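Visitor: Since the structure of chain A is already known, use the hints to place chain B on it.
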Amino acid sequence: MISGFQISARDIYGVMPLLILAGTGLVVLMWDAFEKVPTRIPLLLTVLGALAAGATGIINIENTGRVFNGMILNNGYSNFYSALFSVAVVIAVLLAERYLKDEEVLIGEYSALTLFAACGMIMLASGNDLIVTFLGLETMSIAFYVLAGLFRRRQESNEAALKYFLLGAFSTGFFLYGIALLYGSFGTTNLDGITAALSIPAKSASVLASPMFWMGMGMLIVGFAFKVAAFPFHQWAPDVYEGAPTVVTGFMSTAGKAGAFGALVLIVNIAMAPMTGNPAALNKMQTLIGVLALASMFYGNITALSQMNIKRMLAYSSIAHAGYMLLGVAAMSQAGATSVTLYLTVYTFMQMGAFGVVGLLEKQGGVGLNLSDYAGLGRRKPVLAFVMSIMMLSLTGIPPFGGFFAKYYLFTAAIQSGLTGYAILGMIATLISVYFYLRVMVVMYFRDAEEPALQVSGGGGIALSTTGNISAWAALAIATIGISVLGLLPMILTNLAKTFYLH
Amino acid sequence: MVPLSHYLTVSAVLFMIGTAGVLFRRNAIIIFMCVELMLNAVNLTLIAFSQFLGDQTGQILVFFVMTVAAAEAAVGLAIVISLFRNKQTVDVSKVNILKW
Numbered sequence: 001m002i003s004g005f006q007i008s009a010r011d012i013y014g015v016m017p018l019l020i021l022a023g024t025g026l027v028v029l030m031w032d033a034f035e036k037v038p039t040r041i042p043l044l045l046t047v048l049g050a051l052a053a054g055a056t057g058i059i060n061i062e063n064t065g066r067v068f069n070g071m072i073l074n075n076g077y078s079n080f081y082s083a084l085f086s087v088a089v090v091i092a093v094l095l096a097e098r099y100l101k102d103e104e105v106l107i108g109e110y111s112a113l114t115l116f117a118a119c120g121m122i123m124l125a126s127g128n129d130l131i132v133t134f135l136g137l138e139t140m141s142i143a144f145y146v147l148a149g150l151f152r153r154r155q156e157s158n159e160a161a162l163k164y165f166l167l168g169a170f171s172t173g174f175f176l177y178g179i180a181l182l183y184g185s186f187g188t189t190n191l192d193g194i195t196a197a198l199s200i201p202a203k204s205a206s207v208l209a210s211p212m213f214w215m216g217m218g219m220l221i222v223g224f225a226f227k228v229a230a231f232p233f234h235q236w237a238p239d240v241y242e243g244a245p246t247v248v249t250g251f252m253s254t255a256g257k258a259g260a261f262g263a264l265v266l267i268v269n270i271a272m273a274p275m276t277g278n279p280a281a282l283n284k285m286q287t288l289i290g291v292l293a294l295a296s297m298f299y300g301n302i303t304a305l306s307q308m309n310i311k312r313m314l315a316y317s318s319i320a321h322a323g324y325m326l327l328g329v330a331a332m333s334q335a336g337a338t339s340v341t342l343y344l345t346v347y348t349f350m351q352m353g354a355f356g357v358v359g360l361l362e363k364q365g366g367v368g369l370n371l372s373d374y375a376g377l378g379r380r381k382p383v384l385a386f387v388m389s390i391m392m393l394s395l396t397g398i399p400p401f402g403g404f405f406a407k408y409y410l411f412t413a414a415i416q417s418g419l420t421g422y423a424i425l426g427m428i429a430t431l432i433s434v435y436f437y438l439r440v441m442v443v444m445y446f447r448d449a450e451e452p453a454l455q456v457s458g459g460g461g462i463a464l465s466t467t468g469n470i471s472a473w474a475a476l477a478i479a480t481i482g483i484s485v486l487g488l489l490p491m492i493l494t495n496l497a498k499t500f501y502l503h
Numbered sequence: 001m002v003p004l005s006h007y008l009t010v011s012a013v014l015f016m017i018g019t020a021g022v023l024f025r026r027n028a029i030i031i032f033m034c035v036e037l038m039l040n041a042v043n044l045t046l047i048a049f050s051q052f053l054g055d056q057t058g059q060i061l062v063f064f065v066m067t068v069a070a071a072e073a074a075v076g077l078a079i080v081i082s083l084f085r086n087k088q089t090v091d092v093s094k095v096n097i098l099k100w
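So the sequence lines, in the order shown, correspond to chains A and B.
Every letter in the first sequence is one number past the one before it in the working numbering, and letter 394, counting from 1, is 394.
Every letter in the second sequence is one number past the one before it in the working numbering, and letter 51, counting from 1, is 51.
For reference, chain B alone in the conformation it holds in the complex:
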């Protein structure tokens, strides 16, 4: 049987990759994809704990996370589209009327 720590390590690594992507990429869509990667990394942690603790709560939370991620994607892409209509770019380094 694969021990718990393996699952946790994989999901921590995935989470780091996602974080690094958010911090270093400049395309709004890619940044958003990296956020989704972070959420899915957490889902892996939750399922691993749920399995090893023999408790259902973690798996239920995963369903909610997937629903929320879908809702977030709908709103996020709408925001990106309305920005693109006004500015013809999705590059976050060019989105700078307000000082960062």
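Here chain A stands alone, though its shape is the one from the complex:
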């Protein structure tokens, strides 16, 4: 496999978005270290770098093939995800400026870590070898551990970082054991090699009958389920999402999830596609992932009903969203892969938008995160309340916003693969979620603020510091436009996604 290894210009060009992001990250880190007076330059550098990486991804979207000896994908799929993660970085950094200023954290550290996490995500979504997937997952996670503990002096942040780190490292062990067992079953870690092995009937039958394959697959899925916070491996999520800085939570719960799903789709929906020839094994696999999906949907939505802290509520709802996306993975078809891609794109915009509004309303020291603090927001801050309402409607899945079509394609893909029962239960779970998403809107528009004094007395907050508001509005505008465009014209993305898996 590895013989006469040489790196050509084509290889370098194939991972251009990754290199741009990593390079920008290093420059920002150095700039931050030598900067005497805090300026906006690290922020500008990050945005420019991320936009350049995103543009490179879009330009290369019609590429096909593999680079680095078949280790890394350079096709529509990997380039589309590179662009998505770059946009996520732009939103995350723009949203963070005012928030971090109030908390007296330098934007440079945050930007650099966000960029490094995005590098890991790109490796995940373009990894054509389980080794690359593993490295990507770890690059992303290690950056996230640090980001969760960004507020070094705040105990909640320390605690979130410790919990995330210990459970994340624990899940890495399972993930890696899964890789080792799959390597033992197939004799290769390359996804093309796995597809080839599964395409040979004799080899495929012996592998799919061996307990080693199923243990490996199970462990791999456990590892992924930890990272995307699917039930019953979700315990860390509410605590970490609540304790971590709000802007970090927004980035972690969207782009982080997108990275992990990007890799899971490559492994399950694309590399293991030949499994459809073996109905018994296919059924086993679909049940394994489908049950995980249903459990996450119901657990996430039912627990979110009783949450009064808005960050915790969004954390539980993100468990449910992981469940919806797992249903697309369980479909084990290209339609499933496409629907997960669409869902992830929409989800990144809507969840980051929601967390952006939460971050803007939060006051220094984590005050103002309760649902009751949102009372009367429709009158006090009409534009923010309007943006929040769009995000909530989209998260519920009400047309004409992106969330509706994303769910529609997801359930359609599940039904096409014969998972009708799962899809119906999924729709019931969606109905439960209507209650707590719409409750936010009801509180914002139909309830008066209990303590009008809070507005004046709370230090920080948007009333006091106005620097960085422009960038935050820009980020919210990107998110709102994103879900509106995908809500009205989802075909842009679904048609594009059909060309992703040709090579």
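FYI, nobody ran anything at the bench for these hints, they're computed from the structure.
Please note that the accuracy of each hint is not assured.
[Stated by the list, open to error] As a list, the in silico DSBU-like pairs of lysine-lysine whose alpha-carbon atoms are at most 35 Å apart:
#1 A:K36 to A:K101
#2 A:K284 to B:K87
#3 A:K363 to B:K87
#4 B:K94 to A:K101
#5 A:K36 to B:K94
#6 A:K101 to A:K363
Owing to the predicted nature of the structure, the values given are computational and were not obtained by experimental measurement.
Guide: Chain B only, in chain A's frame:
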């Protein structure tokens, strides 16, 4: 020659010991050591497969695992230190401002 199954059994047992340690110990540093034990158990599996399949990939992955484990240790210990500065404890059962 020692058959493959022996290696796999030893590494599975080591992995279980590591898992049990993570689940039952309360000291953050010890938990982290148990995680390292899990990773090294997997390394043993990988090397055993690599040897028996006559394929280099497994051994290369082991190098990456060791690198990643080192990076993880650096970040993890930094997190533990910043927690200790604020709280004077590394006992995870006392780390409970947020509900588990």
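Visitor: Each hint: holds or not?
Guide: Hint check results:
Under the criterion of a C-alpha separation no larger than 35 Å, the hint pairing K36 of chain A with K101 of chain A is consistent with the structure, at around 16 Å. Restraint check for K284 of chain A and K87 of chain B: not satisfied, since their Cα atoms lie roughly 47 Å apart, outside the 35 Å limit. For the hint linking K363 of chain A to K87 of chain B, the alpha-carbon distance of about 24 Å falls within 35 Å, and the restraint holds. The straight-line distance between the Cα atoms of K94 of chain B and K101 of chain A is roughly 31 Å, inside the 35 Å bound, and the hint therefore holds.
Our distance criterion of 35 Å between C-alpha atoms is broken by K36 of chain A and K94 of chain B, whose separation comes to about 39 Å. Between K101 of chain A and K363 of chain A the CA atoms are separated by roughly 12 Å; this keeps the pair inside 35 Å, and the hint holds.
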